[in-house]
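Letter by letter, the chains look like this.
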Amino acid sequence: MTSTDGSGEVVVYDLDPDCTLDDVEEGNYYHATVNGVVDYGVFVDVSDTVSGLAHESNYDGSYEVGDDLVVELTEIRENGDLSFVPTELGDYETVEVGHDYDISDAGELSEAVGDTVHLEGEVVQIKQTGGPTIFHVSDETGVIPCAAFEEAGVRAYPGVEIDDVVRVTGQVEERDNALQVEADSLDVLTDDDAEEVRERLAAAFEERAEPHEVEPLVEWPALEQMVPDLKEVAQQLRRTVLESRPIRVRHHADGDGMCASIPVQYALERFIEETHQDPEAKRHLFKRLPSKAPFYEMEDVTRDLNFALEDQARHGQKLPLLLMLDNGSTAEDVPAYKNLAHYDIPIVVVDHHHPDPEAVEPYVDAHVNPYLYDEDYRITTGMMCVELARMIWPDITEELRHVPAVAGLCDRSKADTMTDYVDLAESEGYEESLLRDIGEALDYEAHWLKYDAGRNLINDVLNVGTDDESRHRELVEFLADTAESEVEDQLDAAMPHVEHERLDSDANLYRIDVENHAHRFTYPAPGKTTGEIHDRKVQQTGEPVITIGYGPDFAVLRSDGVRLDIPEMVSELNEEVVGGGVSGGGHLVVGSIKFVPGMREEVLDALVEKMADAEIDEELQSTTVGHERTDD
Amino acid sequence: MTSTDGSGEVVVYDLDPDCTLDDVEEGNYYHATVNGVVDYGVFVDVSDTVSGLAHESNYDGSYEVGDDLVVELTEIRENGDLSFVPTELGDYETVEVGHDYDISDAGELSEAVGDTVHLEGEVVQIKQTGGPTIFHVSDETGVIPCAAFEEAGVRAYPGVEIDDVVRVTGQVEERDNALQVEADSLDVLTDDDAEEVRERLAAAFEERAEPHEVEPLVEWPALEQMVPDLKEVAQQLRRTVLESRPIRVRHHADGDGMCASIPVQYALERFIEETHQDPEAKRHLFKRLPSKAPFYEMEDVTRDLNFALEDQARHGQKLPLLLMLDNGSTAEDVPAYKNLAHYDIPIVVVDHHHPDPEAVEPYVDAHVNPYLYDEDYRITTGMMCVELARMIWPDITEELRHVPAVAGLCDRSKADTMTDYVDLAESEGYEESLLRDIGEALDYEAHWLKYDAGRNLINDVLNVGTDDESRHRELVEFLADTAESEVEDQLDAAMPHVEHERLDSDANLYRIDVENHAHRFTYPAPGKTTGEIHDRKVQQTGEPVITIGYGPDFAVLRSDGVRLDIPEMVSELNEEVVGGGVSGGGHLVVGSIKFVPGMREEVLDALVEKMADAEIDEELQSTTVGHERTDD
Amino acid sequence: MTSTDGSGEVVVYDLDPDCTLDDVEEGNYYHATVNGVVDYGVFVDVSDTVSGLAHESNYDGSYEVGDDLVVELTEIRENGDLSFVPTELGDYETVEVGHDYDISDAGELSEAVGDTVHLEGEVVQIKQTGGPTIFHVSDETGVIPCAAFEEAGVRAYPGVEIDDVVRVTGQVEERDNALQVEADSLDVLTDDDAEEVRERLAAAFEERAEPHEVEPLVEWPALEQMVPDLKEVAQQLRRTVLESRPIRVRHHADGDGMCASIPVQYALERFIEETHQDPEAKRHLFKRLPSKAPFYEMEDVTRDLNFALEDQARHGQKLPLLLMLDNGSTAEDVPAYKNLAHYDIPIVVVDHHHPDPEAVEPYVDAHVNPYLYDEDYRITTGMMCVELARMIWPDITEELRHVPAVAGLCDRSKADTMTDYVDLAESEGYEESLLRDIGEALDYEAHWLKYDAGRNLINDVLNVGTDDESRHRELVEFLADTAESEVEDQLDAAMPHVEHERLDSDANLYRIDVENHAHRFTYPAPGKTTGEIHDRKVQQTGEPVITIGYGPDFAVLRSDGVRLDIPEMVSELNEEVVGGGVSGGGHLVVGSIKFVPGMREEVLDALVEKMADAEIDEELQSTTVGHERTDD
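Chains as they are written, first to last, in full-length UniProt numbering: chain A, 1 to 632; chain B, 1 to 632; chain C, 1 to 632.
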């Protein structure tokens, strides 16, 4: 049944190379090209995959490979073979036929093994192997590797880049028991086509990235006002996973930093497992590292950037998103952020240290910090991140109920809601002494793990994502006991050398040379040693107390009942003590300063002078949300 | 030939799902289930793998998929097709038929490629891939990976855990030229079935784990009495390999520690090669690391545990056995051992440092130490471990004959048997000066390797497991010469600053500030520098000598001819010097102490006072079996 | 058509086992062996791959497997089957037939998938897998893996070693989309056969290794005279790649060191890509590491050797060639070189530090240094290595035009030609201030990267091998600004503490305690801090200046206008200051010395005394081609 157009003119179809058997019909005319000549006829192509024989009995003359002609499709046999007859038509109209794509879902190919499919999606990774180039294509439903072969070890489709939107045609196959598409063609979509796919994907990602609605674990208006911002972070993290962009977490190497990062890691790992087939994906897409400094150091950012660029160059991965937890809100983080600004590396910060939003926010995509809501450190990062983790993956709620209490106790949160958190934890079987022990154990393990994340060990200590309750308890008890006994040893050496002085303001000033009168390179490090001494003196005296723990080129400061504006002190000292090289940071009751060793006496004297003038404010209590390094 | 039971009643067999063609016979009746309906009849299953057609000419009525019925097996055709006839029986007895398993041997499957086999064994590793889950199943004869597929990247048989005893049915296949079983079913055995297999495996492992009987290299009753205990360690190590549990060795980073650990590594690698097909197994199952401290530090155990848990989580490996060599016998090791006690990590110690068995033994599975037999450090760990290695793999004896002599010279063993060991080494072509040079070279390389095992380099130096005799000699000569010249440089700087004092006891006391009058971060480190100075002074004076090499927060102690009870001194100093933070360890003639830098003068003065009272005992000679760190 | 020899005697051919169908002809007689007995005849082999049936109708009697006989080849059927007839001949002559090998090219096998091929080449890597042993065989055209299977995980052909010349027969197959030969046989060639192949390969390699002729970027006779030596290095490096021997680069961790090593890395990576199919080859065959010390330290060589031996043991790789860049010319490198001398590790040095050729050259294969041509440090290593890189891979010239200028500015080259280099860079769009900033940025990144090569980061800074011009500019600006501001902070602390003294020679001596009056473990490190102070003083005074930056156990020396023979000073000080442990190195205007901390005052006093006598030479200007470590 030959087609004619409206005017009765014969129609010859010009098929798009992508057209398949579904696009042809017996009796129609097609533009064809000879691709082979045999004794008994010629083979002709009407598209990349539709070919057939024109038997020599059906035409006169001869053809050569490459000749164009018009053919009639006379028969489609049961076995799929096609018979064509070359035809000389007078007038005809050519009609272009695009393939009516039936676009498959990347996440639903397991039933399609052996079939030729069409996919549309975004290229999220390009990995060159010794054989084909593997393009990982992501659509609304999942990510599928598409293997394209140019020449062994040679980049196929060199024009295709990460983030391009492509249409892939190929056969689904199993390789090492995982699915892969053996690509016949992989075309970059442009203009409207690309835009349409991009919008479709964006909409779908936005929907899949949508965080879950969860009721906060406790009623707390102070925290609730932050929920919308936390939800945006949750959404960004989920979207980042869907886009196959790795997430790199840097967090404070202490108890609250662990309570913040472990739940987020746990939630994202679950989400990655759901959205990525490869069981290694959760290792490629998520990496967590503790930071020893109270800010993002140049050494750390150099290392992170170096690894990220190496992963990009070697495995064709996207550059990561940086998630700063319990760290990252201060001006001291800015040089590192500036370093990343030259690369496509979004930065998200969730922190409860006293922030400097003006300095930080030009460089970050999101910044959640209680001080931005007129709250303070009492809402610890662990508390926020438990909610964040639940928005990402609510099923883990059960395992996280005790975590905010641990976080709060670690950072000595004075929030009234602490009672609720502790009650909640107790209702899960965690008595308060156990919660404190978990905090001590986290600090202790963080110390010895140094630059290692220690995922499984910390999970056992925090009892998140593990299932051996009794081991958790025994381990925590052992670690907390050992930590306590090592603190005792340290204080046995240090306490006899603590010097006392009563300031004009009547506050007590205690000074200790932690370099000379404490052990180095052991637990507790100078910052924690100073804190422990301070706490004992506060308890002993019941009066306002300032403690200075100093080493050759640093001093750690703690105050209870005296208002120290440490950033201002630092800036004054830097001016007044010429050649002192004073720098540092902190806030009202905690801080640390650095100086050059040769000027220590001058700097400390000037510092003490300033402290003598500092205003008594008995409301003020020291926290451990400090500003010192967590190592030696 | 229809079966009847004793009473003449017809028997209908109810086959276990595992039953195969071997379990059926023409003429018998079977319980069956319809699994397919076609125009010409129904297909019925009588077990998971035994099915056939009931032709519609042989029955009336109709069946649906899932219907249960009784069939007679009327024909087994040559091509394996079965014909059944549905039957309505009146009375019959049902007899359950288990499959008569012909259990294959995991280690003998190379002739069975393509066959369906049954295996019984213990699960020793579970590795999730992007495709199937790989269960490594170990039986009496070997370990075979069994791939079970649930869904790509999804854990198959989530109920199956490491150490479960399982029965696997599947096809043997070659994949990347290694054998694997594509599992159709993998069932956990329970109760008696499990017990039986477990006992069979245990008996077989016990037999295969049996160490070899070897004649000690020299006649030495002191050592011979330890042979039974060493044999038990050998057996446990071999069994550990058979159970696919990794072995992690931590050893003293000095000459004797190398002479102890290298032979054991060599022997175990050979045994792993014999028992595990995978050439990477010897890297997965054996890891050796030197310890810089004279005991198992919290930092080291944290790192080891972290890696072990990561290997478990990521590769599904068992947790390791910890083998402490030339280290591990003292109370200072106990905190680290306690940390491991919460995990399934057995600990075995072979050491010759003065032990504290009461402290250590609650935490270790085996503890071999000459002091436990009223012998002492003169039986070095290297001497014991050469015998241990030979029990594990006797074929390497040839290559080990010189090692005990090196070990003894390294640790200055005063054993009479040293002559025999040196003679033995000389008969293998190692003159005594070469043996000494090997010891120096080992120390020197251990210093620069820092935390690295340096397997191949150390093998070349010790000439074990290598085959280039002349390179060995040249390398040793170069390293020993360089080491000697660096010791000279160090002593050139230090000797002019050694202070002398004659104690009341008439002993000579030498003191050297190794921080200020020696180079740091170079070879030799403070401990060895002190030892070298001490040795020269002993030789110069021919009198009782005590040497103290001190730094800002430590002192290294050596004595010849004076009995120092260092542990007691430490405990007294800790009490007497308030705020001194004194700790440490050692024995009669060697030891080290730590203190806080600010109290160094007080501590050293008090220490010297105690030394003045120490009893002269000219028999006592210093060794290098010291208690100091081997780094700076 | 039966063959006869000249005398008419019948010829029976005795085929080499390698012979194929191409070597046989119908009608000829062959020596054969029975390899199978069936009802209807016997199967006989006439070579490893040529077999056929002798039908029982064609002979009397019976044969057993293993029987030798003579057969006539009566028919070669279309399908390749052969028919033989056993024959009893009287007299005959045996003629041995070697297979007329048609040797394939390892690099040209992509069209031969499925075919049996013969290859001849050198074994360059032997890797044992859990299945077959993989021999990487290299011929004139490329490298191909040949898989030989003995037993799973067992070394096939244990007699074959790296560097053996072999003949391989096997089928070409695709495995994971890469080509591999499944070896049927792999024979080591000996004597003449080996020699012939070896010569062929050597000639081919020599030709392929031939470096490109390139016109130096600027006209400069001083540099041009070094071109022949640089060409030899280029040739050796290319040959090393062709021989699949890894190249390990150690370079000075500063700007010039980066400008030297990055172009060479870039060029070699391109060459490796061209010559090795495996995309990972450029990572296996090339590794670059910065050295913090100004010479090749024992710790570094120990680590390098350890890794090299591990790669050899584990992956069957060759030992590497060591390429020292901007480092390696001095006597202080010799101990490390001596350590390597016991292994097959050639050493090549390209450096512009003042060399000690007599000490170094016995240990190195090539040594290129401007001082050997009566030139000096002004020809920086970066300048030489840009030419070297272009000889290896000229296509990258475009991207390297600015690099010599950066190198020269980094090391303050006073060469007249610097103007030409800067002009050249400016013509590429790099204004001089940008070139200086790149240098600062390289130094800054080198500092924070520590022991990491930071390939991609450094490429972005240097703008070599990247394509994001604007990122390069922004990044450099950021890094240079940050570096400058950190230098300012450091000098703010240090400058007030610089002590001045006028020497008898009227030169100014400045001293600064960089331990006590500068920050440690930050940027800039003591060496650079001292240099910055020195530069300011030179500028301020316009007079001869010596600057000493000292720490507890080291001093960094800089001079402008005073001739210091630092090596001689060191050797005098070492003699004069007893127990000072003085060592060090350098040249006329830069150097560093080490001593024991307790003798610092004595050493510095003696040093200053010597400086007081030093001759004024206003021509002499300090460079940064110094002798201090680039870290703390």
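None of these hints come from the bench; they were simulated from the model.
One thing to keep in mind: the hints can contain errors.
Identical chains blur together in the list; that is why a pair holds if it fits in one copy or across any two.
The calculated BS3-like cross-link candidates involving lysine-lysine, where the alpha carbons are at most 30 Å apart (straight line), are [as the list claims (entries may be wrong)]: (1) LYS450 <-> LYS127; (2) LYS127 <-> LYS414; (3) LYS231 <-> LYS127; (4) LYS292 <-> LYS450; (5) LYS318 <-> LYS610; (6) LYS338 <-> LYS610; (7) LYS610 <-> LYS127; (8) LYS414 <-> LYS318; (9) LYS282 <-> LYS594; (10) LYS338 <-> LYS414; (11) LYS610 <-> LYS450; (12) LYS282 <-> LYS610.
Cross-check of the supplied hints:
In this assembly of identical chains, LYS450 and LYS127 lie within 30 Å of each other by CA distance solely across copies; the values are 29 Å between and 33 Å within a copy. Taking the shortest alpha-carbon separations for LYS127 and LYS414, neither the intra-copy value of 51 Å nor the inter-copy value of 46 Å comes in at or below 30 Å. Taking the closest pair of Cα atoms, LYS231 and LYS127 never come within 30 Å of each other, the shortest separation being 33 Å inside a single copy and 35 Å across copies. Taking CA atoms no more than 30 Å apart as the test, LYS292 paired with LYS450 passes in both settings, with 8 Å inside one copy and 17 Å between copies.
Taking identical chains as interchangeable, the C-alpha atoms of LYS318 and LYS610 are never at most 30 Å apart, the minima being 50 Å within one chain and 59 Å between chains. In this assembly of identical chains, LYS338 and LYS610 lie within 30 Å of each other by CA distance neither inside one copy nor across copies; the values are 34 Å within and 48 Å between. In this assembly of identical chains, LYS610 and LYS127 lie within 30 Å of each other by CA distance neither inside one copy nor across copies; the values are 60 Å within and 62 Å between. Taking identical chains as interchangeable, the C-alpha atoms of LYS414 and LYS318 are never at most 30 Å apart, the minima being 42 Å within one chain and 44 Å between chains.
For the identical chains of this complex, LYS282 and LYS594 are neighbours neither inside a copy (39 Å) nor across copies (44 Å), given an alpha-carbon limit of 30 Å. In this assembly of identical chains, LYS338 and LYS414 lie within 30 Å of each other by CA distance neither inside one copy nor across copies; the values are 35 Å within and 35 Å between. Neither within a single protomer nor between protomers do LYS610 and LYS450 lie at most 30 Å apart by alpha-carbon distance, with minima of 35 Å and 39 Å respectively. Taking the closest pair of Cα atoms, LYS282 and LYS610 never come within 30 Å of each other, the shortest separation being 51 Å inside a single copy and 60 Å across copies.
The structure fails to meet hints 2, 3, 5, 6, 7, 8, 9, 10, 11 and 12 from the earlier list, while all remaining hints are met.
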